[in-house]
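*Asks:* Put the complex together from the two separate chains, hints included.
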Amino acid sequence: MIIKILGTGCPGCQKLEANAKKAVEEIGLKDIQIIHIYDLNEIIKSGVTMLPVILFDDEIKAEGWIPDVEEIKKWLQEIKNQ
Amino acid sequence: MKRITFGIILIILILGILVSYEWYNAIQKTRLIEQGLYPKEPFSINPQTPWWQIPFLTLLSYLTKAWFCLGMAFLIAGAVQTFIPKEIIIKHLGQRSFKAYFIAAFGGPLLSVCSCSIIPLFAAIKKRGAGLGPAITFLLATPAINPAAIILTFSLLSWKFVIGRMILAFSAAIITGTLMEAIWTTEEERAGSLSQLKIEYKEKPLNLKNDLKEWMINVFDFVKRILPLVLLGIFLIGIIKIFLTPAIISKYLGQGFWQIALASIIGVIMYTPTLVEIPFVRELLILGMGTGPALAFLLTGPALSLPSLLGVSRVINWKMVLNYALIMWGLGIVGGLIFAYLVPQITLF
Chain A
1 MIIKILGTGC PGCQKLEANA KKAVEEIGLK DIQIIHIYDL NEIIKSGVTM
51 LPVILFDDEI KAEGWIPDVE EIKKWLQEIK NQ
Chain B
1001 MKRITFGIIL IILILGILVS YEWYNAIQKT RLIEQGLYPK EPFSINPQTP
1051 WWQIPFLTLL SYLTKAWFCL GMAFLIAGAV QTFIPKEIII KHLGQRSFKA
1101 YFIAAFGGPL LSVCSCSIIP LFAAIKKRGA GLGPAITFLL ATPAINPAAI
1151 ILTFSLLSWK FVIGRMILAF SAAIITGTLM EAIWTTEEER AGSLSQLKIE
1201 YKEKPLNLKN DLKEWMINVF DFVKRILPLV LLGIFLIGII KIFLTPAIIS
1251 KYLGQGFWQI ALASIIGVIM YTPTLVEIPF VRELLILGMG TGPALAFLLT
1301 GPALSLPSLL GVSRVINWKM VLNYALIMWG LGIVGGLIFA YLVPQITLF
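As you go down the protein sequences, you meet chains A and B in turn. Numbering of the first sequence is given in my numbering, commencing with residue 1 and proceeding in unit increments. Numbering of the second sequence is given in my numbering, commencing with residue 1001 and proceeding in unit increments.
If you're looking for bench data, these hints aren't it; they were derived computationally from the structure. Any given hint could be a false lead.
Below are the SDA-like pairs computed for lysine to any residue, each with C-alpha atoms no more than 20 Å apart in a straight line [claimed, not checked]:
| no. | chain 1 | residue 1 | chain 2 | residue 2 |
| --- | --- | --- | --- | --- |
| 1 | B | Lys1091 | A | Gly47 |
| 2 | A | Lys45 | B | Lys1241 |
| 3 | B | Lys1224 | A | Asp68 |
| 4 | B | Lys1091 | A | Glu63 |
| 5 | A | Lys45 | B | Gly1311 |
| 6 | B | Lys1213 | A | Pro11 |
| 7 | A | Lys4 | A | Glu78 |
| 8 | A | Lys15 | B | Val1219 |
| 9 | B | Lys1241 | B | Tyr1271 |
| 10 | A | Lys22 | A | Val69 |
| 11 | A | Lys21 | A | Lys45 |
| 12 | B | Lys1224 | A | Trp65 |
| 13 | A | Lys15 | B | Met1216 |
| 14 | B | Lys1091 | A | Ile44 |
| 15 | A | Lys61 | A | Ile34 |
| 16 | A | Lys15 | B | Pro1228 |
| 17 | B | Lys1224 | A | Lys45 |
| 18 | B | Lys1065 | B | Glu1022 |
Here chain B stands alone, though its shape is the one from the complex (with noise of 0.2 Å):
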């Protein structure tokens, strides 16, 4: 059996148990629901909370109710960065072609695994590759659509914006990175440049029981990159919780044009990082954000931030920076609306 073969119905099987566990509990409550019986929270937060206990309090529930779907997501991602070859990927941005956008915006969440790898593929795509159009629908779509945050959404949001992300989120890096190769590529640089970007590809054969324990080292590898962002960023938002009243949020963040705008910018200047971005938005939500802002949010969010707005400003003029960050803020905007007019309210468990 070939190597990816292995890898692609491993990756299917842990969904399989995810999804299978997710659907079990979900059924489960429901059940308990429609007898009257409303599940009990076991770290709930209520007025009477001492407020120094709301952070800790926050990550408890919060770990509590996505330990395992996390668990699963890191299972995936390190499957993905050991068994699917990048190489594969990496060669069909090596053309100008309209099919390169497509490859961009699906293939790059399979490379870019390693974050410090994005910018200067970035910058082979854009100058030895496909051309800056791709290049750009790649750094966009990357963080949006990629495996683990994709899990971690079905888990805590609900499938409609599993659903909604997507597709926008797929759209916004197309639409954004076609404007950009239409504005600022010249037609000599269009003609010339032939694709540079050649690389070997040797296939590994299978070897189950390297290839498994490669698997659990990148498995580790993940954990212990990205589980401390995570845990950090879900206690800040405990504490942001603090200071934050429903009152607040239905105000700035609740359903309506100005508070999409308003999340859709603050996700292009605010670091959020991976995965992160989810818990953020479901207890703001919870707290009464409208389905439009959270929509909004989760497509500027973790595509676009202050620093890697000033990290690609090394690799392409500033001014195209701007451009494109500007671009993302009004397909934010769009997106929220749209997901708003679709989806105008959302419960969550």
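Just chain A, with the same shape it has in the complex (with noise of 0.2 Å):
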């Protein structure tokens, strides 16, 4: 899986790619890959409208809020169980 976070490194983007950091590491899944999309174009390319945003293999989990660890640990519990 590759988790995606977009944002233009304002603190709260940066904020984003560390908890996702995290929660993959305490959880302890391999195979994931994360990718922080700096580029504005590509960005609103992407269509969305508030950042940060992070995606679950273009699955827009959060937007324009920041999840903790704990609740990106839950969406990654939720896909390891399945």
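*Replies:* Next comes the structure, spelled out in structure tokens:
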């Protein structure tokens, strides 16, 4: 799976990336790649409205707010259980 | 109780505390002055002050005056971020209608708490929502009519500036948006492109402990992000003050048409971080800036800057960007003239 983070480098966006990294680490899922997209044109093309955004394989999990580590872990756990 | 109701009550409560505090202080001060006692400035600057002390004294004097109001402004900004669901506003920006302009002007400030979101949001409103006009209105109104800026204008300038700035900024944003829509949007575009700006909105129940914690986190985020810029901005104002004499200020920024035009164009070009425009104008007013140029700068200063124009030109054609910058320059002049006519002079405490 690929976790994508869209953000322009503002503090909130950086925090989201850190939270996602920590959640992946703590839950111990392998084969997860985290990409942070900074390019504004690409962000606009993807059609989101508010930043930061976190996507699991192109599915928007959060837009315009910063989920904490526990929340991201919950989503990861659901995927792990499937 | 709903989360949003709780948020609104909280915001009104904080506003109430702030306004009573400011009023109490103002009444106290007037009473002292009536008795012939002038309240002493703790960090006053006079012609004998060594030049290198001026920036530090400016900063200290500002902090003693504004710490309470600034603190309240951060609490309110955090509460708006935490308790007011952004989805409600965005939903209304998905329709092409005249109402969208008003929502963009009034609702924008409630949305744009993260400045990194402004350009993507602008693109979304333009391409998938209400179209170019409201998108421009949103872009221009947001920095001028947000709660923190209003509170600080009230505390550091005066209620006359609050009213003048709000009404004129609001009108300028809507006029510019409407003009841009009329000039640049073709008939096909107006007829086509049904709105796709949809957003899901889940109402979250109120969870007092968690929500208050989230509020505090958001407040702390704002302080961390904005306060350093504000402090740095005021220090720089102090440095500028070393070089500017009242004679220079009254010549170039005193009351008058060319002075208003100059202040307006400075506002269009110069980058002014949020909230810094207010102490900046205050210092210049004390040194002899006219009320007209002051308001013109408040209209264009935070809304436009060279960096923001460049940022927006990645989403829309640079000719459009130049066009709205020119319109805003003109409206800054008009606004400045109106304000100079209505409020020719002002005394600041």
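*Asks:* For each hint, tell me whether it holds in the structure or not.
*Replies:* Here's how the hints hold up against the structure:
| no. | hint | in the structure |
| --- | --- | --- |
| 1 | Lys1091(B) / Gly47(A) | holds, 15 Å |
| 2 | Lys45(A) / Lys1241(B) | violated, 45 Å |
| 3 | Lys1224(B) / Asp68(A) | holds, 19 Å |
| 4 | Lys1091(B) / Glu63(A) | holds, 14 Å |
| 5 | Lys45(A) / Gly1311(B) | holds, 15 Å |
| 6 | Lys1213(B) / Pro11(A) | holds, 19 Å |
| 7 | Lys4(A) / Glu78(A) | holds, 18 Å |
| 8 | Lys15(A) / Val1219(B) | holds, 16 Å |
| 9 | Lys1241(B) / Tyr1271(B) | holds, 18 Å |
| 10 | Lys22(A) / Val69(A) | holds, 7 Å |
| 11 | Lys21(A) / Lys45(A) | violated, 25 Å |
| 12 | Lys1224(B) / Trp65(A) | holds, 17 Å |
| 13 | Lys15(A) / Met1216(B) | holds, 16 Å |
| 14 | Lys1091(B) / Ile44(A) | holds, 18 Å |
| 15 | Lys61(A) / Ile34(A) | holds, 14 Å |
| 16 | Lys15(A) / Pro1228(B) | holds, 19 Å |
| 17 | Lys1224(B) / Lys45(A) | violated, 31 Å |
| 18 | Lys1065(B) / Glu1022(B) | holds, 11 Å |
This entry does not satisfy hints 2, 11 and 17, going by the numbered hints stated previously.
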